[in-house]
Amino acid sequence: MNVDIELTDNSNLARRELEAACIRALEKCGLVAEGYAKRLCPVDTGNLRNSITHLVDISELLCRIGTNSEYAAYVELGTGKYYPGGRQTPWVYQDAKGKWHLTYGQRAQPYLKPAVADHVPQYKDIIERELHG
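Using numbering that gives the first Met the number 0, the letters of the sequence shown map in sequence onto residues 0 to 132.
If you are wondering where the hints come from, they were derived from the structure by calculation, not from laboratory data. Do not rely on the hints blindly, as some may be mistaken.
[Said to hold, decoys possible] Straight-line Cα separation of at most 27 Å, DSS-like style, residue types lysine-lysine; simulated pairs:
#, residue 1, residue 2
1, 123, 112
2, 112, 37
3, 27, 123
4, 96, 80
Note that the structure is predicted; figures quoted are calculated from it, not measured.
Please put together the full structure from these sequences, using the hints given.
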């Protein structure tokens, strides 16, 4: 008895579908994390909050969340005596109205790290749903 068997290699198609699912999952995670960060971000002028964004890196299959604001790290991590290794002595500065202020620094007001670290189970669920879908 002769039986002809034909095999079809669909591994490339499967790989492309898996990569596409990963990218969709990372994009969804990025949007969710961005929303959490914006809700946690302290607001004065709104510039920092409006600068928060995410970027999916397809080549490394990862998602970055952050901001290009020059003062973002000072808000997230604190300054002066409130930052580990920061300046321990007070300093003065003059505001835009010409008034002088004495400061020891600014306490940290984390908004990026907790937007990611406090929601890991949710991101895991998003990834699992996308990969199983």
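| field | Unsatisfied constraints (hint numbers, rising) | value | Nothing - there is no hint that the structure violates, so all of them hold.
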